[in-house]
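Protein sequences appear in the order of chains G and V.
When we follow my numbering, the leftmost residue of the first sequence carries the number 53, and every step to the right adds one.
When we follow my numbering, the leftmost residue of the second sequence carries the number 207, and every step to the right adds one.
Because the hints were derived from the structure by calculation, they are not lab data.
Warning: the hint list may mix true and false statements.
[Unchecked claim] Each computed EDC-like pair below joins lysine to aspartate or glutamate, with the alpha-carbon atoms no more than 20 Å apart:
{"no.": "1", "chain 1": "G", "residue 1": "219", "chain 2": "V", "residue 2": "277"}
{"no.": "2", "chain 1": "V", "residue 1": "250", "chain 2": "G", "residue 2": "411"}
{"no.": "3", "chain 1": "V", "residue 1": "333", "chain 2": "G", "residue 2": "291"}
{"no.": "4", "chain 1": "V", "residue 1": "338", "chain 2": "G", "residue 2": "291"}
{"no.": "5", "chain 1": "V", "residue 1": "234", "chain 2": "G", "residue 2": "146"}
{"no.": "6", "chain 1": "G", "residue 1": "266", "chain 2": "G", "residue 2": "315"}
{"no.": "7", "chain 1": "V", "residue 1": "235", "chain 2": "G", "residue 2": "291"}
{"no.": "8", "chain 1": "G", "residue 1": "130", "chain 2": "V", "residue 2": "350"}
{"no.": "9", "chain 1": "V", "residue 1": "223", "chain 2": "G", "residue 2": "146"}
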Amino acid sequence: MPAPIRLRELIRTIRTARTQAEEREMIQKECAAIRSSFREEDNTYRCRNVAKLLYMHMLGYPAHFGQLECLKLIASQKFTDKRIGYLGAMLLLDERQDVHLLMTNCIKNDLNHSTQFVQGLALCTLGCMGSSEMCRDLAGEVEKLLKTSNSYLRKKAALCAVHVIRKVPELMEMFLPATKNLLNEKNHGVLHTSVVLLTEMCERSPDMLAHFRKNEKLVPQLVRILKNLIMSGYSPEHDVSGISDPFLQVRILRLLRILGRNDDDSSEAMNDILAQVATNTETSKNVGNAILYETVLTIMDIKSESGLRVLAINILGRFLLNNDKNIRYVALTSLLKTVQTDHNAVQRHRSTIVDCLKDLDVSIKRRAMELSFALVNGNNIRGMMKELLYFLDSCEPEFKADCASGIFLAAEKYAPSKRWHIDTIMRVLTTAGSYVRDDAVPNLIQLITNSVEMHAYTVQRLYKAILGDYSQQPLVQVAAWCIGEYGDLLVSGQCEEEEPIQVTEDEVLDILESVLISNMSTSVTRGYALTAIMKLSTRFTCTVNRIKKVVSIYGSSIDVELQQRAVEYNALFKKYDHMRSALLERMPVMEKVTTNGPTEIVQTNGETEPAPLETKPPPTGPQPTSQANDLLDLLGGNDITPVIPTVPTSKPASAGGELLDLLGDINLTGSPAAAATPSSVPQISQPPFLLDGLSSQPLFNDITTGIPSITAYSKNGLKIEFTFERSNTNPSVTVITIQASNSTELDMTDFVFQAAVPKTFQLQLLSPSSSIVPAFNTGTITQVIKVLNPQKQQLRMRIKLTYNHKGSAMQDLAEVNNFPPQSWQ
Amino acid sequence: MRFMLLFSRQGKLRLQKWYLATSDKERKKMVRELMQVVLARKPKMCSFLEWRDLKVVYKRYASLYFCCAIEGQDNELITLELIHRYVELLDKYFGSVCELDIIFNFEKAYFILDEFLMGGDVQDTSKKSVLKAIEQADLLQEDESPRSVLEEMGLA
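Full structure from sequences and hints, please.
Listed below in structure tokens is the structure:
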């Protein structure tokens, strides 16, 4: 049998192969030769053959038949054999193979070999791929070697011990005695690996951690070593670009981090050295920055004093300006970790962070985006949103969904005005409409419903947006819903925010029908469109027949969802036409189920100049619905007429009240949808004690009834009754509904009710239902007062009434003292 | 460190060192995937990327990519230094190392790596010390058989 070809020869040959097939052929031929050589138990060439096998394995070819041969090589006396044998074991064997256990004995012997390089091979193999059983068997040997004076072996034993501990954590105790003097070594290899070992032990076991802190006084030792490294002169052996042993410095800093975490004493002991490293390390090369980076991580994680923390953040700030993008990336990652705890310090670097949004690197962009969202607050929302929207436009698709969600969240929290909020939503829907998450659609709809005065503007913008393109499903869904709800505002051209467009009812139905027909529309979208068309039957006047026709067509749609809707809507037209208007009423303001928690008052953080919209007086135009409506609805039987919100706020009002079950509303038929009835609502002069602080709390999730009502005033035929409601969730709030009735023969007109309460209370007066109290008790004016009584004091109220009656102006003042205890206790 | 890979621009694997027990099949899959991701990176991009639940640090030296997968708490910047140190060791050993050296002497590249790192951590921070150990181990090999025999075996 000729000698097997040499390794280099084989490599050369294989590389000449021009095709994959040719290569495979060569490999197969050689494998066959190797196999037969193995069968012959040829000791001389085993090493060469296994080496070749390893090469072929790296190319991707199977080499399992060489596993046992590796074991034979390991068992050989020759160093050359052992070297290749152990390499083969590390490459071909892993702990899943039963074969590898056969190594245990060989390794044991080799750990005690007379030649340190053989011992080294054994330690290395055990330390890289030893299974738990092997580790258990051989831990004792490793521990012995950890105590040797031979630094070459000691350093390897330390890392091997790390692996053993990882595989069999219970064995950690056994290495403890050997660690006693590890840090006294001069040899940097031993120092480094010892620090790694100590790190592993401290990370895994709180007991060990405590032990090393207290008993071994590890921190002072580490501080001493680190100081020496920094202060000592040039040491060529360990120098990297002028820095002495950066690997060791970084590892020490990492161990200090673990020791200092949640421990004041340790943190204090390392304060000085951290400051020293932070200020003295050369930053011109990557190696210096690597040390600074680790230092920053340590400072932020331990209980460091604020001066040190500021130093750390400033280092990160400098990193952000570094030309090296690796450094910038690392800075962004670290800032993201610290933004919660050191928010203000990070805010100072906001503009640099925002610039990173324009970086070419995907990883940096992502970090910058996450960090930007963390930094948005009421003060910088406008500027930040501009940047973020621009980013949304231009970023890679993988970011768009996250970015869109983040923008919605930020907008919800910090929107400076409703108009801005709507505009931002529109911008996101139109630029990244198809990436918006599905759950965003209901949230957006809720938001739009609650932005009562923006309805006309919103529906107009949405309509224009889908006119051109109705392929982005989330956008189309929101648009369809809005058109269904506010289509009447659209065709009547009532938009105040921008130039109203001329749209006919037919044109609106055209677009909705296009959405219905389009192949791009999903089933869900079609459902939205159909329902929208149906709703318009009560809002439009000329096209009801057309709507009827459309609805009846879809009664035979293949899509079951659509079919069901259409059939039900048809029934509504035919048999339940009298209910139709009630069922399809304008949606009331919905309860917000935000993730932020119900009582979060939106911070305006000094943003005192309201946007132009907010300073407008209460509009006399189309009246928005507000919380009061819901309260009125819940009390049952009252006219649902819109009510002006008290003070135009710069905070988006979060609404209280339940989402009404549409069918449950049947009892209230007769009253038209809470569509705008502009003429009936008067201007109220706002009494000076009105407060809007109550508006951000959702009220009346639970109603307590059963508080007796009182007659607060009864004079000259005018009677005012108070009825009460308290919330279970917020017992300091009492809602009083007043009803004014007139028993005289003539109407009382221009009726204004005002109220005042003692200083410890807060009062909010909502708009009255009308200003005319009709004669002969044929009707009432209803008005809602909300009283905040945090100190639970006895409720007292002074009221002032002004009205015109029988041609003369009347005015009266009265005190109300007969509040029932249940209304304020 | 979980593993280190060396591969060429054409996607040919030149060295793979795994510090975590994984099956051959799983390894192949990960290598293929990671190679694709790294090779798709443009030259101006930073050396770090997130892949699966790991951080990957990579650097290109001539025609070879050196790629390390590290864990969440590991320092990326020092890993770059680690890669550089390994290249320096190879350079010193082979004398102006190039990809061919590593192709034809892959086992030596492994020996050097195993002298420098163990279990993913640095054994010795002194370049001199590591090189000396390799040198002495090589001598040991030579002592066992005269050089010519080693050459014949194709191992020198």
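Evaluated hints:
no. : hint          : result
1   : G:219 - V:277 : holds (17 Å)
2   : V:250 - G:411 : holds (10 Å)
3   : V:333 - G:291 : holds (9 Å)
4   : V:338 - G:291 : holds (17 Å)
5   : V:234 - G:146 : holds (14 Å)
6   : G:266 - G:315 : holds (11 Å)
7   : V:235 - G:291 : violated (39 Å)
8   : G:130 - V:350 : holds (7 Å)
9   : V:223 - G:146 : holds (12 Å)
Checked against the numbered hints given earlier, this structure breaks only hint 7.
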